[in-house]
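Protein chains in written order, with numbering that gives the first Met the number 0: chain P, 0 to 98; chain A, 0 to 522; chain C, 0 to 548; chain E, 0 to 647.
Treat each hint with caution, since some may be false.
What the hints assert, rightly or not - The calculated label-pair distances, taken between Cβ atoms and stated as ranges, are: (1) C:THR84 - A:PRO54: 53 to 61 Å; (2) C:GLY155 - P:ALA10: 49 to 57 Å; (3) A:ILE471 - C:GLU500: 46 to 54 Å.
Simulated from the structure, these hints should not be mistaken for laboratory data.
The model shown is predicted, which means the values in this text are computed figures rather than measured ones.
For every residue, glycine included, the Cβ atom is placed at its ideal position computed from N, Cα and C.
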Amino acid sequence: MNPVNYLYLAALLFTIGATGVLIRRNAIVLFMCVELMLNACNLALVAFSRMHGNLDGQIIAFFVMVVAAAEVVVGLAIIVSLFRSRHSASVDDASLMKL
Amino acid sequence: MSFPLLTATAVLPALGAIATAAVPAARRTAAKWLALLVSLGTLALAVTVLVRYDPDGDRYQLTESHSWIADFGVRYELGVDGIAVALIALTALLIPFIILAGWHDADPLETGHKRWRPTQGFFALILAVEAMVIISFEATDVFLFYIFFEAMLIPMYFLIGGFGDRAHEHGEETAATQRSYAAVKFLLYNLAGGLIMLAAVIGLYVVAGNFSLTEIAEARANGSLDMATNTERWLFLGFFFAFAVKAPLWPLHTWLPNAMGEATAPVAVLITAVVDKVGTFAMLRFCLGLFPEASKWATPAILVLALISIIYGALLAVGQRDIKRLVAYASISHFGFIILGIFAMTSQGQSGATLYMVNHGISTAALMLVAGFLISRRGSRLIADYGGVQKVAPVLAGTFLIGGLATLSLPGLAPFVSEFLVLVGTFARYPAVGIIATFGIVLAALYVLVLYQRTMTGPVKPEVAKMPDLRIRELVVVAPLIALLILLGVYPKPVTDIVNPAVKQTMSDVQKKDPQPEVEAAK
Amino acid sequence: MSASAVHSLWTMAADPIEKIDAPKIEYGQLSPTLIVIGAAILGILIEAFVPRRSRYYAQVFLSAVALAAAFAAVVGLAAGGYATTKAGIAAMGAIAVDGPALFLQGTILLAGLLGVFTFAERRLDPVAHGNRVDSFAAQAASVPGSDSEKAAVKAGFTTTEVFPLLLFAIGGMLIFPAANDLLTLFIALEVLSLPLYLLCALARRKRLVSQEAAVKYFLLGAFASAFTLFGIALLYGYAGSVSYATIAQVVDGTVQNVTPALADTMGNDALLLVGTAMLVMGLLFKVGAVPFHMWTPDVYQGAPTPVTGFMAAATKVAAFGALLRVLYVVLPGLRWDWRPVMWAVAIVTMLAGAIVAITQTDIKRLLAYSSIAHAGFILAGVIAASPEGVSSVLFYLGAYSFVTIGAFAVVTLVRDAGGEATHLSKWAGLGRRSPLVAAVFAVFLLAFAGIPLTSGFAGKFAVFKAAAEGGAGAIVVIGVISSAIAAFFYIRVIVLMFFSEPRPEGPTVAVPSPLTTTAIAVGVAVTVVLGVAPQYFLDLASQAGVFVR
Amino acid sequence: MENLIALLVAAPLLGAAVLLCGGRRLDAVGHWIGTVLAAVSFVIGAVLFADMLGKDAEAREIGQHLFSWIPVEGFQADIAFQLDQLSMTFVLLITGVGTLIHLYSIGYMEHDERRRRFFGYLNLFLAAMLLLVLADNYLLLYVGWEGVGLASYLLIGFWQHKPSAATAAKKAFLVNRVGDMGLSIAIMLMFTTFGTFAFGPVLESAGETSEGKLTAIALMLLLAACGKSAQVPLQSWLGDAMEGPTPVSALIHAATMVTAGVYLIVRSADIFNLAPDAQLVTTVVGAVTLLFGAIVGCAKDDIKKALAGSTMSQIGYMVLAAGLGPIGYVFAIMHLVTHGFFKAGLFLGAGSVMHGMNDEVDMRKYGGLRKYMPVTFVTFGLGYLAIIGFPGLSGFFSKDKIIEAAFAKGGTEGWILGGVALLGAAITAYYMTRVMLMTFFGEERWRSRPTASPDQPDVEPAAEHQGAHAEPHPHESPRSMTIPMIVLAFGSVFAGAFFGIGDRFVHWLEPVTGHKHGHPPVSALTITLSTVAVLVLGAGLAYLHYGRRPVPAVAPRGSLLTRAARRDLLQDDFNHVVLVRGGEHLTRSLVYVDHTLVDGVVNGTAASVGGLSGRLRKLQNGYARSYAVSMFGGAAVLIAATLLMRAV
């Protein structure tokens, strides 16, 4: 299969993730969409790695996974604490600060 | 290395400001005396500068030059020509009077916070302004000038916004609001002007590579610096805009009546007699000096604006109900004359303009300070609240009248000499402009005399019946100013002698020759 | 060891394995970062092993010493010529040790040190149950207003973890502007961001707002990271490498041994341009440029003020450093493409920041918009695309970070019953109550406004000068117009402090410990010194203005 | 001798300085200091005069250079004096009459608590006036010119507590300022044309420039003269100026200052001679004013205002004569001097009457006073005869010469001007007879009787101050007042004959002003006879109106012309409507413009930025997802823009 197709897929996934961020309200889902975007990047990296015949992309993908895991740790901590104080994970409820 | 006299003249009031600010809260009187002494010391230094200045010597004298910010091409370069010397002397002369006149203006009304020290602040700020004004007169480096041109806004701003007339017809609350409005307006106008100038200063650096007046002039003279016509014009406009705000020139003038109206009289004098002079001074030194061609290009428009200022300012002065605003509009009219003289580009016009700066400083100081004494007695700035003061306080009225007569340029008093020179100088090149400007002298008579009539003559109003005449301190402030007005009106030669060579230089900067008379009259 | 000769660590692995070379790490040159990260790890251990009562002192001591040592290391490296003649690439091409990197690292470390001081301040909040408390939540995990929180407060708990978090963030920031390949850049970005997200959530008072700020920052930050990463992926796809030097060569077309795949992707400008745009967007998010600025006001407002101060100063420094390196090292060949776009961003940022700030009513939000406007001014220097541009940006960043930390430190002092009194109306008449504090804050505001004789003016002049020399005269004009607009709201605060009558129920000014006092004093001193005699620092910045490739 | 010239000015200047700065402790002696210094000045003048007489006519001009005043590149103004016959004439008139009036004032102002100040102002006036006539250049003349204006301002408004006085003073100064504009423009023109404005060089080289320039200069000088000498159209201030104390009216607004305009024209003779158009305008101004003043004088019931109208009219004669050129200059000055005597005398007489009548000025409340104040009556009467040109008295000689010269102008102009001058003489006789009759003859209308209702229209406001209702006790004035009156009466009687017979005055002034003998189309005798005839006619008519019939104590409504004349021929109304009201409207609208437009633009800009801020601020709505939208959109734009940059 033409490696470019993987890139299209990656772009598609990235867009889906971004759209999710824009339209979903639940912070957890939002965060998952971000993860989806990161994985779309991973896909692109791996595809490029394959195209260029070097391993850089694939190694980066591993790093990204680690980073994503770290993000989960931090992110969930924050989101959960928010949820516990407000009993809601909707990001739209978290709008005390404006203007 | 010789003693850095120019630096000392600026540094002394700066140090004085710090020292005054540091005087403990309870020792108010000590702070006042300290400030007064420092200002007198500065005056002594300024007089030394005056004495050491040799009218027949180099263009810039007593020069000091040190590297400062090499990255910006900025040097700490000081030097004075005749115009600067005259204005430094004026500044140093007026400050002691301003301090003395404002002796009680900043006494705290009630015992506020124990660390609240308005008195110390007031006098420290005045000295700070003095320091900055003096150094901007001395700077021969554009950047150095610019820095202090801008920085002096800050102490001025606090002086305007922080200290106002004690009583106000609408109560202290309104007074505070109007005061801070005036202060903000002052600052924003001038800051906007200054920032536009900043763009031009940067542009100048890009074009010239350094900021030294002398070097740039030299480079332009020997052709190594070639400014494109359009560049020069844009840069000129950038500089001129800032100076026109400061001066102020119509239609950028509206901050002045507010500022002068709301500030205490001594501060109003500081604004119009001292700080604003930096604007007109800078037009002479920087606009004409750096951008002669563009100056000539812009002259017609500037003359028109100056004319409008003269007539418009005078007419508005006639229409004012507030004494201090009236003086402010009168000043706008006078600044029109100064700018007219500068851009007429004749020796008489420019000498007249320089002389005008000095004389206007003294005459406005006299008028405004007496007005301040008057206002402090009655607690109102409205002309309508006075009447018949002449009867109860003849000396006050008399000095007020002399200040007023100086403002309307009565021959025999100093402003006449300068105003006439400006008119003659303008007329020589632009007869129509000269004639229209002459209408200003009628209007000046109108607003001064109307003011005098309404406040000083007529039946004595009950509110002013108990008004005391001038006190000794106040007399000490006013009498020397009046003496100077008369002296410089009859014998202005000491000033013109200092100014003339500098004007000659400026004329050669712009490569203009005086129009020659049609008939070479037999001498 | 030239950059191109060193093939990156990763590609070697693809070859048949005969022996594994130990990676060559220049520990000396990396020592600032290593010290800080080591201290951070040590800080974690302290949390684990040191008794609760002593943790605070241990952490403060450790952090301060580590930062000071790291700063000393930076100075040592700079003195040793690593900023100029010996500048080079370290850690197998991952990290650049050169002038801009060292300059910015030094700035970040000093800002971090002042940050530690403000973090450690325990005199401002009233003593709770016999315990001195700082700005951070007693126990972050407890729900605001819950019994467990009250118990934690009563027990005198404090979140001493903030110090290791701070050190981690600083560690990331140190790497960020020095990163010499895109992967390092990304890792550094995350290392600096994640602790900050957490720190934002840790306010002692107004915890809901604080958590909200953290969530917003986190979600948007992660969102931006994803864009950055996708940009990185595309650039990698374009150049077949993440090394700055290699990408630059590919962009310039000077690359040797072009493989067929590379030849293929090299021709695809879309990869390059879209990748560049997305990468730059991620960096612009960090610097708070319009339209990626919208997190700034909320986060600045919600985060604990010491964190805001530190973040506003140090993050901006690090992010601009990274942006400069990307634009100047990776993409100079693309100058004609990114400059117009950055022009637009700079203009919009300057204007929007200044205009929106006018109507703000909260001092922290006001400063946030101010920081947006300043990002615009700095971008004007970035656009210059010249060594002068680099050094002017470096200088501006140095000047700006101290003003910012100082200003936010002053904000922590003005308090009422609900903690910090950040609503502007409460600042009315502050000049009457506490002339000194108000005067100090006025100095900072004037520096923000760019009034001469303050560092703000020197910095502004430097970037505008560089921009004008780089032919961006229009930017300068718009810059001064924005400055004029911006001046309005700085002045509004001064008016409020000095010319308004104090309110009877107004806030009090807490007397800080020497820690905050030091931070403020250093801020004032730097502001004035850089304003009056900037030459030494300008020299420093201009010597440090050359990137190594 | 030259060095005395400065002393001439210095003496009264010193007096002014001492009196004004000296403070209360000089109150007791202040008036004597002032009077003595005025006399000193007169003595110096006399010494100089004697010295001058001892020289040949051509060598009489002397000068004194004190110092360089305004030395500026290409511009030289000196403080320097020039004393020639013309100046000498004025010096003697000023110091002589001045000293007398100082003396008079000692009595007249006896009860005024601010007498010292009054004398200070008088001395200031003398100094300024002497400076005016002694200056050797136009700029220094200008200083004196404004100096006398200032003194006039101070003295008109001396009783400042009266709003009318303060207003009158202001008005005088302002109208004069309009004239001063003319003087300064004239000086500027001289400077650009000749490069100097010293009398000598300018006048010598006047011929070297175009007539147009000279006409412009001359017209501007005329404008200045109109202001100072109360000539149409700048005459309106003089009537109001009568608010000042009467000695002031006598000295400044009759004898000396108001004649400065004539001095200026005669001094600039060389310019006017070469600008015939300007001369024509000058004569027209003179003729119109002559009639104007005379008509106004007929209608006024206020004795001082009637005399003021007369002054205006007489100066009209002088200006007319001056406009005639070399045939008239000498006579203009001659009339000026004789007028100085008799008009000062008349005013002092009027003052004496007022002094005895509780400061009443309304002639309708006089009558039959000759019995009570005989000296005043006699001196006033002599002045009266002199002014109407009774043969043999001063006015006869001088006025007759002017009428002759007017006819001698030649052509239609000559006839018109001569006719006007003749008509003026008739009206002069009429109004002066009216004044004389109303004041000294007829029934004693000041005796107690029901006073007129106060709201009666056209009652001069000055009559309404306190004391007007108490019955006065007319009495002769003290010695210090009568002596000056007597001296001036001598002058009124004999000066004309002394000057006129044998053309003594012509020979005296000729070296300075030049003189040509005029040749009127009819013989001089005819003119003289017709002058006498119209005089009799005018006086007779007045007798019919005021001598035969009782004078109503309240002014009748009168004809349209009378009513207009009472209001200065509606000139003031015009000023009020056009200048005052118009000016008020202008300033008020400008204040509005300044506030709304000039300030408004700036405030509007600020407000719109603020509004924009408010709207942009709403974008920051607190929803993280909308922030994300902004970022996403931003990224899209960024990408699109980057791609676009490559595309273009």
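Evaluation of the provided hints:
no., hint, in the structure
1, C:THR84 - A:PRO54: 53 to 61 Å, "holds, 55 Å"
2, C:GLY155 - P:ALA10: 49 to 57 Å, "holds, 53 Å"
3, A:ILE471 - C:GLU500: 46 to 54 Å, "violated, 35 Å"
In summary, the structure is inconsistent with hint 3 from the numbered list given earlier, while agreeing with all the others.
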